[in-house]
Structures are given as C-alpha cells and as structure tokens.
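**Q** On the provided structure of chain Y, position chain S as indicated by the hints.
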Amino acid sequence: MRLAVSAALLSGLATTPALAADLNVSLTIPTLKVAEYHRPYVAVWIEKPDQTAVKTLAVWYDTKLAKREGETWLKDMRQWWRRAGREMKMPVDGVTGATRAPGKHQISFKGGANPLGNLPPGQYNLVVEAAREVGGREMLKAPFQWPPAKAATASANGSSELSAIVVSTKP
Amino acid sequence: MKRLALAALAAALALPMSAEAHRQWLLPSMTVLSGDDPWVTVDAAVSNDLFVFEHVPMRLDGLTIVGPDGAKVEPQNAFTGKYRSVFDVHLTKPGTYRIANAGVGVNANWKQGGETKRWRGPASELSKAIPADATEVKINESVRRVETFVTAGAPTSEALKPTGVGLELEPITHPTDLYAGEAARFRLVMDGKPAAGVEVTLAPGGVRYRDDRGEMKLQTDAAGEFSVTWPTAGFWWLEASVRGGQSSIPNAQRSAMYVATVEVLKN
Chain Y
1 MRLAVSAALL
11 SGLATTPALA
21 ADLNVSLTIP
31 TLKVAEYHRP
41 YVAVWIEKPD
51 QTAVKTLAVW
61 YDTKLAKREG
71 ETWLKDMRQW
81 WRRAGREMKM
91 PVDGVTGATR
101 APGKHQISFK
111 GGANPLGNLP
121 PGQYNLVVEA
131 AREVGGREML
141 KAPFQWPPAK
151 AATASANGSS
161 ELSAIVVSTK
171 P
Chain S
1 MKRLALAALA
11 AALALPMSAE
21 AHRQWLLPSM
31 TVLSGDDPWV
41 TVDAAVSNDL
51 FVFEHVPMRL
61 DGLTIVGPDG
71 AKVEPQNAFT
81 GKYRSVFDVH
91 LTKPGTYRIA
101 NAGVGVNANW
111 KQGGETKRWR
121 GPASELSKAI
131 PADATEVKIN
141 ESVRRVETFV
151 TAGAPTSEAL
161 KPTGVGLELE
171 PITHPTDLYA
181 GEAARFRLVM
191 DGKPAAGVEV
201 TLAPGGVRYR
211 DDRGEMKLQT
221 DAAGEFSVTW
231 PTAGFWWLEA
241 SVRGGQSSIP
251 NAQRSAMYVA
261 TVEVLKN
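Chains as they are written, first to last, in my numbering: chain Y, 1 to 171; chain S, 1 to 267.
If you are wondering where the hints come from, they were derived from the structure by calculation, not from laboratory data.
Do not rely on the hints blindly, as some may be mistaken.
To be verified - Not everything, but these chain S residues come out facing chain Y in the computed CB check (under 10 Å):
1. L33
2. S34
3. D37
4. D69
5. G153
As the list claims (entries may be wrong) - Listing some non-contacts, in silico: residues in chain Y with all C-beta distances to chain S over 10 Å:
6. T31
7. T72
8. Q79
9. T96
10. G97
11. G103
12. A149
13. V166
From a predicted model like this one, the values you see are computed outputs, not experimental measurements.
Every residue, glycine too, gets a C-beta built ideally from N, C-alpha and C.
One chain only, chain Y, in its complex shape (with noise of 0.2 Å):
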C-alpha cells in the first residue's frame, strides 16, 4: 500500500520539469591497429533499470553516403535498434550525426532541453553501444539518479570497441 502510495507521489512529480540539471557523458572510441578501419556506430540512449528505451541521445552513423544507405547498418547497433531505433525516423535533429574519430568524446545535455528533455525521476542507466563494419560490437552502461541531488559520476570500461563511458550528473 505504502509502495502504491509513493509510486502515485513519484508519477506525479514526474509531471513537474527537472530544473535545469545536466547530464554529461565521456566516451572514448579506441585507436585500433586494423588493416581496414572504419569509425564505428555508435548510439547513447537512456534506460530504465528493466532495460524499456527511455530517450536516445545520440546516434553517429555514415550519414554522407548516397540514397541514406547509411542507415542500413543502424540495425547492428542491435540492443539499440530493438529498443529505440526501429521505432525513429532517421535523421533526428540534435540526435543523429556523422561517425566520429577514435578518442574521447564529450557530449552535455540539459534537463528540460532537447534531446533528453522532462526525464521524470528515477533510476537509470545510460548505454552506450558501438558497432563497426568488419569489426565487433560492444555495449556498456553506467547507472545514473534523475534529478541528482547532488553531483555524481559512474563510468564503465570496455575491452574492445569501446574504451570507457563516464557519466556525470550534477543539479
């Protein structure tokens, strides 16, 4: 009952907007010593502790290529095409974009902003998935609090297609 109770009080906050508190993410796409190297896909998207897609905040895919081809292998970032991405439309505005270079990336997002927009309260993960053509896959994620009381930081190490993610949250 108790439970029921604070689930109600939780949903109903989730209608007031966070204050502007920020959600910052490091990742670092590793150098890899490969006769054929291609910058990999890479998709950022929050979820929820039972894996439901909350919000994508980023996917980096070849957008250049002729006739959207690019989009064919958007699939292969598979954990992220089956929660998120089969249900977009690509492009997205200030979500999609082109691949990006081996080192570390930084990208900010801001509560009440687009892309990650009134995230109500709660438990989640960010993930981060990279997958590269005649390469491999991996897919790493770091917990977070929605809003942060205060500032943290968790991160993740990869062994092979992703190097670390570091997520920091502050009000």
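**A** Below, chain S alone, put in the same frame as chain Y:
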C-alpha cells in the same frame, strides 16, 4: 473419462504424418533490417542437416509473400539450382513480411486386380486418377506450410494473421523479436483453432560444427500454446505436424505440417 477421451484425441492429432527425415526450410539472409531500401535473399531447400544444401531444392510453386499491409508481394530473381532455390524480396514498406511456401497435396493408394497402386497429385485430378474397379481406396490430403518472417524497421502483425487453413503459428511473441536467454511464446492453430497436445520440434542450425544436435521437443498446452527459452542465438527450425481436420475430399484422411525458420539474436 472425458479428459481421457480428450487426451486420446490429442495424441491422435499429434501423430507425425510421415517418418520422412528430410527437413524443409526457408532461410532468409537476415530477419531484422534497417535502412531506406532493404532487401532480403532467401534460400529454399530440403535437407537432413540444418541449414545445409545437401539434398534437393525446394520447389517454389506455392510461394506466397504477404507484406506489412496484408497485400501480396512478388518474389524477384527466383532460381532453382541443384541443391537449393533462391529468391529475393524487396521490402518496400516498413514492417513485417511473412514468406511462405504452402500448398495442399493428395496421396492415394488402392488395389486393382490384386496390385497396389499409388498416386500423388492435386485434389482436382483425384477423381480421374482412381479407376472405377479400384478397391481398398485410401486417400490422404496433406496441407503443408513452410515459412519465415522478416521485418524492416519496427515489427508489425498484420501479415502474421493465420489463413485458417492447415497448421499455422500464431505468434504471441513476435517472430522477429527473439533473443537468446529470453522466453518466447507461440500458439499453434489447426484450421484456425488452437492445436492442443501437439509435439513441436525446435532445432538449431550449424549442427555440422557440433556433436550434439541440440534439438528440443515441446508439447502445446490446452490452449495450443508453448513457450521456449532460446538457449543460443542463430537460426532455429520449428516443426510440427498433426492429423485431423475436415477434408473437402469425401472419405479422405487429413494431415497438416508446419515449419518455420526464425532467427534468435544475441542480446
């Protein structure tokens, strides 16, 4: 007592219709597609090992492709070789396509002048085939459906509606949304009605590279449903067959066989 009779009926329905070991299958190049202009290519063959081209090609006479809007889609570049048939499907609309090779055949045997005669062909030619002085006439009508599913973009269910003829799979879990380690649930229907107590065989591909065939045998429940937790990713072959149902041919037995190839993805 009533329950016993039902169980007996279920057991009768579940009898396999032939001891033939060869397996029929359609194998799509992929089942989950993204992009603006997706195509799949499909192999169609009959073999012992899954999914190896080693026996005979499947004839494409009964090929029917239903698109996401329920309309028929024409196969392209169809070809039949020594061991397999091949065709392409252009997925011009987003959603799920049902690719099926289905048909009805009739087998008959009878005695004429002490000799046993056998015949096989379409129902329309049956009456001409059996001579007037034939005795001990036995007729079996067999309904067969071999199919697979592919999805461009998000899965849809319009194309998955059973036709109401023969044995069919009525998905509860979408057949292009299957993942290793997760449970999937399906219903088998015979002439559109739940098929209870039917044995379902599930077999993974790639048996050439393993010692264990890795097959599973399941039984549909009273609602015709069964549930499977996929142990491994890859293409899986699903087969079931039953006897029963009403044949349009007088004094004929009826049997139905169903095969689906589904792709189980890694999470």
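**Q** Hints first: check each against the structure and report whether it holds.
**A** Do the hints match the structure? See the list:
1. L33: Holds, about 6 Å.
2. S34: This interface hint holds because 4 Å falls under the 10 Å limit.
3. D37: holds, 7 Å
4. D69: Status violated, d = 18 Å.
5. G153: holds, 5 Å
6. T31: holds, 26 Å
7. T72: With a cut-off of 10 Å, T72 of chain Y comes too close to chain S, as the shortest Cβ separation is near 4 Å.
8. Q79: violated, 7 Å
9. T96: holds, 13 Å
10. G97: holds, 17 Å
11. G103: holds, 27 Å
12. A149: holds, 32 Å
13. V166: V166 of chain Y clear of chain S: closest Cβ-Cβ about 24 Å, beyond 10 Å.
Checked against the numbered hints above, the structure violates hints 4, 7 and 8; every other hint is satisfied.
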